[in-house]
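Letter by letter, the chains look like this.
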Amino acid sequence: MQGGIYKCLSLISERINDNKDFLTELDREIGDSDHGINMARGFSAVMEKLSPDDSDIGAVLKKTGMTLLSKVGGASGPLYGTAYMEAGKLTAGKTELSADDMKAVFEAAIAGIQKRGKAVKGEKTMLDALIPASESYSSKIAEGSDIVTALDAACQSAKEGVEYTKTIIATKGRASYLGERSIGHQDPGATSTLITLEAIRDYFKGA
Amino acid sequence: MVGIVIVSHSWKIAEGVCDLAQEMARDHDKIIPAGGLEDGSTGTDAQRIADAIVEADTGDGVVILADIGSAIMSAESAIEILEEEGRNINAVIADAPIVEGAVCAVVEAAGGGTVDSVLASAEESREASKL
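Residue numbers (my numbering), protein chains in the order written: chain L, 1 to 207; chain E, 208 to 338.
What the hints contain is simulated information worked out from the structure, not anything from laboratory work.
You may find that some hints are simply not true.
Take a look, some chain E residues computed to stay more than 10 Å from chain L by CB distance [as the list claims (entries may be wrong)]:
1) His235
2) Asp267
3) Pro304
Per the computed footprint, the stretches of chain E lying under chain L, defined by three or more beta-carbons under 8 Å from a beta-carbon of chain L, are [as the list claims (entries may be wrong)]:
4) 252 to 266
5) 269 to 282
Derived DSSO-like pairs: lysine-lysine, alpha-carbon spacing no greater than 30 Å straight-line [what the hints assert, rightly or not]:
6) Lys172/L <-> Lys337/E
7) Lys219/E <-> Lys172/L
8) Lys337/E <-> Lys49/L
9) Lys49/L <-> Lys62/L
Every residue gets a Cβ at the ideal spot worked out from N, C-alpha and C, and that includes glycine.
Produce the entire structure from the sequences given, and follow the hints as far as they go.
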């Protein structure tokens, strides 16, 4: 890892910001057209709170989670906020993450999102990207792959998960009011999850 | 007295519901709004809700009324933030419509109700027929 957790969060923030209009556009189709705006607002607030000298991964993830809980405004605030908070609890005091730590981080993030949103896979949510990504990551690590290879597999699965969300009906959140009309549209939350995972992978690749 | 927190995506709604409920119980001084984001945007902010819960609590607990979408998840997050801070506040979320629930909750609270009875009173409003 180069530059530590601050650099990783900066990359996530940058990518979310780059995709602000795209995410908002997706949300215009099946939601209340604010996902990109909300996420970008949340992550700019996160970057204001973090310092390049921050090295305790748990502390940074906790601060990120608390800030998202407060600044995002929409449902993705408590969902991503809880995911980062739960991941932060596991990584308190750490300045580096092993491949297994990363596995635990993904699993904690999923557990956090499920606790808060009471969703399962197949409901057209961020979990449809994150659960398959986490599963692919874990099986690659179990086969002995390195983190970058495992994260590549995770991103591929997340991408397929996003595609899968086009084929299903939303039963959670604002999109559920649309029923069958939500079919054909990809889920904005699953998409921001994919963007986040790709940023994490690129960080590990040194991009 | 059981405190009441009104959570809405909109600051105006939160304040307005508090004003309306206040008229039903002039001597209840712990009806606290938690609406919108700090910068005035529409949305819910778990930290703002957590602060409102602290302000509303006199030791007798707090009943929270929340509007649509993320409001419930943000209120749940707020309760967890306070638990993690080690604060011992009995805060519960009512499964009730925000305006009717708030009016019923405030009346029960002002009458000396407990968290359980205020919660029940707010939730009974869900069944009230208007026509």
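Here is what the structure says about each hint:
For His235/E, the condition that its CB be more than 10 Å from all CB atoms of chain L holds, with the nearest at approximately 28 Å. The Cβ of Asp267/E lies farther than 10 Å from every Cβ of chain L, with a closest approach of about 26 Å, so its non-interface assignment holds. The beta carbon of Pro304/E is kept farther than 10 Å from every beta carbon of chain L, the shortest such distance being approximately 18 Å. Three residues within the 8 Å Cβ limit are the bar, and the region 252 to 266 of chain E against chain L gives 4, so the coverage statement holds.
Remark: the region 269 to 282 of chain E is confirmed as covered by chain L, as 4 of its residues place a Cβ nearer than 8 Å to a Cβ of that chain, reaching the required three. For the hint pairing Lys172/L with Lys337/E, the CA-to-CA distance comes to about 28 Å; that is within 30 Å, so the pair holds. Distance restraint check for Lys219/E and Lys172/L: the Cα-Cα separation of roughly 27 Å lies within the 30 Å cut-off, and the hinted pair is therefore satisfied. For the proposed pair Lys337/E and Lys49/L, the alpha carbon gap of about 48 Å is over 30 Å, so the pair is violated.
Using a Cα cut-off of 30 Å, the hinted pair Lys49/L and Lys62/L holds, with the two alpha carbons roughly 11 Å apart.
Figure legend: structure checked against the earlier numbered hints; the only hint not met is number 8.
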